[in-house]
Amino acid sequence: MKPDDWIKEYIPLVKSIAQNYTKYGVPFDDLVQEGLLGLLEAKKRFQENKVTKFSTYAHYWIKKKILQALELERKTSFATLSLDENIDRASELEESTIKKPFSKINLPKGFPKNEAIVLRLFFDQGKNLKEIAEILKISRERVRQLKQKGLRRLKSVTYPPKAD
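According to full-length UniProt numbering, the sequence shown is numbered sequentially starting from 1.
Please keep in mind that the hints were generated in silico from the structure rather than gathered at the bench. Careful, some of the hints might be misleading.
[Said to hold, decoys possible] Okay, derived cross-link-like pairs now, DSSO-like style, lysine-lysine, Cα gap no bigger than 30 Å in a straight line: (1) Lys23 with Lys63; (2) Lys155 with Lys130; (3) Lys53 with Lys109; (4) Lys130 with Lys64; (5) Lys8 with Lys63; (6) Lys23 with Lys8; (7) Lys113 with Lys8.
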């Protein structure tokens, strides 16, 4: 057995953990790579004892590295203006953004249909809760609940849980 063959044994564990975080917008392969870094960190730090199995210990480090990568992605994904960019151009962009209403709210795959419809009617078309309730033939309160639930879900996708 080659010295690095042990890694192959734990790749399914890394992939199963990474799969849980694909909804946060980072490609699966990138999550697997981060998970493998966590696996290597676990191997480096693990001390043999009878209390903890290596797979349990590795699970912690794999998840930690993946969550750190998600946090870094979230922090760096926001658009930034160059300091060299023309200030007038930045002002124009800001004005057009303020004047332009929300257009086509971008929802991730697998977003619940009812919540997506309510959010799109509210943000894309500027409908109020009463108008949405009439369109969908449900109560205004139910529309409010779906909107809140959708916004919470969207927030959890945009801001994933932080690493330990």
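Item to complete: Could you work out which earlier hints the structure fails to respect and list their numbers in ascending sequence?
Response: Those not satisfied are hints 3, 4 and 7.
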